[in-house]
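Chain A is already provided as a structure; the job is to place chain B on it using the hints.
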Amino acid sequence: DMKVTQMPRYLIKRMGENVLLECGQDMSHETMYWYRQDPGLGLQLIYISYDVDSNSEGDIPKGYRVSRKKREHFSLILDSAKTNQTSVYFCASSSPPAYEQYFGPGTRLTVL
Amino acid sequence: DAKTTQPDSMESTEGETVHLPCSHATISGNEYIYWYRQVPLQGPEYVTHGLQQNTTNSMAFLAIASDRKSSTLILTHVSLRDAAVYHCILRASYYGGSGNKLIFGTGTLLSVKP
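Protein chains in written order, with the numbering used here: chain A, 1 to 112; chain B, 1 to 114.
It is worth saying that the hints were derived from the structure and are not from the lab. Any given hint could be a false lead.
[Unchecked claim] Taking lysine to any residue pairs in the SDA-like style, the calculated list, with each CA pair at most 25 Å apart, reads:
#: 1; chain 1: B; residue 1: 3; chain 2: A; residue 2: 71
#: 2; chain 1: B; residue 1: 3; chain 2: A; residue 2: 37
#: 3; chain 1: A; residue 1: 3; chain 2: B; residue 2: 63
#: 4; chain 1: A; residue 1: 70; chain 2: A; residue 2: 88
#: 5; chain 1: A; residue 1: 3; chain 2: B; residue 2: 29
#: 6; chain 1: A; residue 1: 3; chain 2: A; residue 2: 50
#: 7; chain 1: B; residue 1: 3; chain 2: A; residue 2: 110
#: 8; chain 1: A; residue 1: 3; chain 2: B; residue 2: 39
#: 9; chain 1: A; residue 1: 82; chain 2: B; residue 2: 29
#: 10; chain 1: B; residue 1: 3; chain 2: A; residue 2: 44
#: 11; chain 1: A; residue 1: 62; chain 2: A; residue 2: 3
#: 12; chain 1: B; residue 1: 3; chain 2: B; residue 2: 63
#: 13; chain 1: A; residue 1: 69; chain 2: A; residue 2: 102
#: 14; chain 1: A; residue 1: 82; chain 2: A; residue 2: 28
#: 15; chain 1: B; residue 1: 69; chain 2: B; residue 2: 29
#: 16; chain 1: B; residue 1: 3; chain 2: A; residue 2: 56
#: 17; chain 1: A; residue 1: 3; chain 2: B; residue 2: 69
#: 18; chain 1: A; residue 1: 13; chain 2: A; residue 2: 108
So here's chain B without its partners, still in its complex pose:
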C-alpha cells in the first residue's frame, strides 16, 4: 500500500493559520489525497481531498505540490474545535476493491492553545 509521512504532532494558538504537511513520495497517478481528522471518542471526519489541483472548502485549503509527492493542509483561524489527529491518506480512484479502503496511519496530533 502507498504510504504517507506526517509529523507526529504540531502546536498552534487560536486564530493562527496552521500548515499540516504530508509526504507521499510513491504516490501513483490514480491515487487521490484525502484528509480526515479524528478527535477522541468520535469517529473520523472527512476534511477534504484532491488529485492534482489545489482545493478549498469550508474546512480547509489543500495545497498539492506540482509533482504530487507532497501536500499541505492549511487551516485558517484555527479554534479549539480544530484540535484533533489529522490523517493524510492516499486512495485509489477506482471504485471497488482496495479503492474503497481507507488506510489510516498515526497522523498528526494538532494541539490548539487558547
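Bound conformation, chain A alone:
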C-alpha cells in the first residue's frame, strides 16, 4: 500500500523555537515536496527535492530549510519559528512518468 507519512501530526511551539517536521514515503519516489496550506487558501510550495541532496526552493522558502539524506525521507526545518508560520504542512512525493503527487496527512503546527 503506497503511503506518505508525516510526524508529528500536531505540534505546538513557542516563537523562536526550532521545529523539525518529518516526512517518509515507501514508494522509492525520487521527488518530494513540502507545501503549506492556510485557511481559505490553496497549497503553497515551500521546497522541492529531486533526490538525495538535490533540493530547490519553491515559491515561499524564506524561513524554512530542508534536508534529504535518504530517498525515502525528507525533513522541513524551521529555525527560530515565527507566529506567521502557523499553518498545516503537507509533504508529498511523486515519480515519473505520470507525476501524480501522493500526499501525507499533514502536520498542524501552531507557533505561539
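For chain B alone, kept in the frame of chain A given last:
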C-alpha cells in the same frame, strides 16, 4: 500561471452521477489537466489526469473538450465518502521547474446527501 475556473459548490445525493465542470480557456499545449480532492483534516488525494483524450479509472471519468478549454470530472454512484473539495489543476508536462508545481485554487465543494 494558467488558471482554472470551477463552481464554488455543488450538491448531490448518494447514488447519483455528478458532473464537476472546470474551465481552462488559456490552457497551453503542454499542460495536463489534473484533478485532486481534499477532505477536511486530510491531505489532497490524486483523482485522475488527462491531456487530450477522455480518461477513466476506478475513481472517476474525465471528459476533456475537443478544444481543451474545459473539462468535466464525472463521478458515478457517489457516496458520502465522495464529499470533498475537488480541485482542477493545470500542470506543465515537463519534469522539473514549474512542471512539478501544483497550484490549488479554492475548488468545488461537493456535498453529498444521504
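Pairwise hint evaluation, residue 63(B) against residue 3(A), where the allowed Cα distance is 25 Å at most = 28 Å, violated
query = Within a Cα-Cα threshold of 25 Å, do residue 3(A) and residue 39(B) meet the stated pairing?
reply = 17 Å, holds
inquiry  = Next pair to validate is residue 70(A) with residue 88(A); report whether the Cα-Cα distance is within 25 Å.
reply    = Cα-Cα ~24 Å, so holds.
query = Given the proposed pairing of residue 82(A) with residue 29(B), does the C-alpha separation stay at or below 25 Å?
reply = Not satisfied, since the Cα-Cα distance of roughly 41 Å exceeds 25 Å.
task = Sort out whether residue 110(A) lies within 25 Å of residue 3(B), counting only the CA atoms.
result = 31 Å, violated
query = Would the pair residue 3(B) and residue 71(A) pass a check requiring their Cα atoms to be no farther apart than 25 Å?
reply = Violated - the C-alpha atoms of residue 71(A) and residue 3(B) are around 33 Å apart, more than 25 Å.
query = Within a Cα-Cα threshold of 25 Å, do residue 3(B) and residue 63(B) meet the stated pairing?
reply = 18 Å, holds
query = Would the pair residue 82(A) and residue 28(A) pass a check requiring their Cα atoms to be no farther apart than 25 Å?
reply = The hint is violated at about 33 Å.
request  = For the pair we were handed, residue 69(A) and residue 102(A), check the Cα-Cα distance against 25 Å.
outcome  = Holds. Residue 69(A) to residue 102(A) sits at ~20 Å (cutoff 25 Å).
query = Is residue 3(B) close enough to residue 56(A), meaning Cα to Cα at most 25 Å?
reply = Holds, at roughly 24 Å.
message = So if I understand the rule, the pair passes when the alpha-carbon distance is 25 Å or less; does residue 62(A) with residue 3(A) pass?
response = 28 Å, violated
message = Hinted pair, alpha-carbon criterion (25 Å max): residue 69(B), residue 29(B). Please report holds or violated.
response = 11 Å, holds
In summary, the numbered hints that this structure violates are 1, 3, 5, 7, 9, 11, 14, 17.
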